[in-house]
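If you read the protein sequences in the order shown, they are chains A and B. Residues in the first sequence are numbered from 1 upward in steps of one, following the working numbering. Residues in the second sequence are numbered from 1001 upward in steps of one, following the working numbering.
I should point out that these hints are in silico values taken from the structure, not numbers from a laboratory. Treat the hints with caution; some may be incorrect.
Below, computed lysine to aspartate or glutamate pairings styled on DMTMM-like, alpha-carbon distance capped at 25 Å [said to hold, decoys possible]:
no. : chain 1 : residue 1 : chain 2 : residue 2
1   : A       : K329      : B       : E1034
2   : B       : K1171     : A       : E388
3   : A       : K329      : B       : E1191
4   : B       : K1171     : A       : D348
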Amino acid sequence: MRQKTEAAHGKTKPPGLRRRLIIALAVPLTLILGISSLLDYRLARETSDSAHDQALTDTVFDLESHIRSQSDSASLELDLTKESEAMLRSNAPDQVYFSIRDNSGRILAGDEDVPEFPTPKNNEVSFIDGIHRGEAVRVALHKIALPASELLITVMETTEKRKESRGRILTAMLLPNLAVIVATLLAVLFGVRRGLLPLEEVEKEIAARSPNDLREIDLDASPREIQPMLRRLNDLFSLLREASEVQNRFIADAAHQLRTPLAGLQTQFDLAVSEGAFLNNDGRLRNIEDGMLRIGRLLGQLLSYARAEATASLAEEPTSVSLECIAEKSASTFLDAALEKGIDLGFDISPATTVGIPWLLQEALANLIDNAIRYTPRGGIITVRCGETAEKVFLEVEDNGPGIAEEHLDQIFERFYRIPGSPSNGCGLGLPIVKEIARLHGADIHVMRSAANGLRVRLEFPGLRTQA
Amino acid sequence: MRILIVEDEPLVAQGLKQGLEQLRYTVDVASSAEEAESFVQYESFDMALVDIGLPKADGLHFIRQLRARGQNLPILVLTARDSMDDTIRGLDAGADDYMTKPYRLPEIAARIRALIRRSNAIADACLRHNGLCLDTRSHTATLDEVPLELTNREWAILELLLMASPAVVSKDKLVQSLAGWDSDITQNAIEVHISRLRGKLSSGNIVIRTIRGIGYRVDAPEN
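Extracted from the complex, chain A is given alone in its bound form:
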């Protein structure tokens, strides 16, 4: 819970490794592909344009071949029949305009409205772009040097065909290039995800751990690049392990050390009682007795809790455990306590085997039964069940006591939490011990309302088949 809120309130989050990789790969790749497409397009366009220019040059030379120079230098004649001119002009869908001028700028032949362009310096055909009758045109200029004078042939062609082929080139290039870019991006996304998969697995493995699970991470199974980091993490784990072992040992030692003087105190108290010290003060006797019992119980619970936690980090070897046997044993342990409160402690057990640590499972059940006896009123009914379902093995304790109100359900597994106003002298460690033991065994805890409105706590262990 706390971690989640921290993440939500976090300042600017540094980008994840995956995002960095994707951006670092995708941006330059897209740029490179884009630029290369642009260059390709320009090259293709130039090639197509020069082919069109070549065709225009052909028209120019065609026209030139029709010029008949007269012997007298002044006059020129265009030997162009109507059919030839029609041929020359037929260039659908483009329009062709032409003119031939002499060096004084007079139009000798062709269209009157062809504008005058500067005469090129040499005899090569040169090209410029222009606008004629409101349309873009390509203009070919050719200077012919005659003995007597100079002629300028101007041929203009509208640009429909050019536009058309440019459009074709564009579509012919754009689509495959786009496809390549998209494919590249997909490859980057997929590749990065694939490549980071082992990292994700390590992350998941660590995320799935409980705070007490301080086993080392298997280095051989992780990618080489992150092994140094994991090794540091393992060092940290071992430090934490030591620290928690020291802490657990301290709790256990303290509980041990406290037990002996408490035993002495209790013995002295029993002697005082038998000597009649509280003859006229029954209430005081019971208060002292309750207090001592409570301290004794708390010390026992502290020891159990410290040991359950220690087992988590030491990874005690689990064995096959019959929950039926565990339940049977608890019958002898709790029968007298139940009889004393007039509680009917019963069992409904069928064969159920799981893998685990026997004394811990015994401890977990003991805590559940102890709670049930503690909180169920005189004359109540408690039933201990175990058995197997298709996939699970379960162990549960049901009572017809007061149950637990909805609003406390979240907290009852917290250490030292006691429901406000609860009557008995519990110490708030019973259910945390159960939780810790359940966690160690990969079991789920279900807290339910029993049929008789009491409490029903069920531990569900993974079945033997699924555990193998």
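Guided by the hints, dock chain B onto chain A, whose structure is given.
Leaving out everything else, chain B in the frame of chain A:
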């Protein structure tokens, strides 16, 4: 009855001593394994209460030495540790029973009585329980000195229950133990035998309790 207490914590040792003396036992206290060692060499005790956590040599060591010399007095181990491991080591060393601190005087007294009774039963081959006596040698039973007629199966069931008392004996276990007598005995048959036994024991002070869903037990004897 003479009892040796081996315990280094004076508060506990003195409390136990006074408490047991009130119950008319003769009590000696040794505060270390070495001291206890010299006690048992020169004196004879009917029973020993031994704390495991002693200075220098621990209680387990003392128990092992005692057993190695062939002394078979009942030993009740007192321990501040209640981990499975410790109790198993205690029993393996030769202790007969263990109790975890803190304990109450009446509890200790009950355990001492049970242990002494058990060791006497081994000696005179008699299972005694609140006026009931099963003589395993002569195979005769008496209830408050009156001869009690029991069938073989009733005898077997009662013997199992008395030996286990105050622990619960499951019906399964009863069926398994009786299978040698009669291979097709059922849980229903067990119920019939139990109800006959209850009838035969009704004049005495023996309670055979039914534990719903598991089996039966005979309540601990009173004294």
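### Query
Which of the listed hints are broken here?
Hint check: 1 fails alone, others pass.
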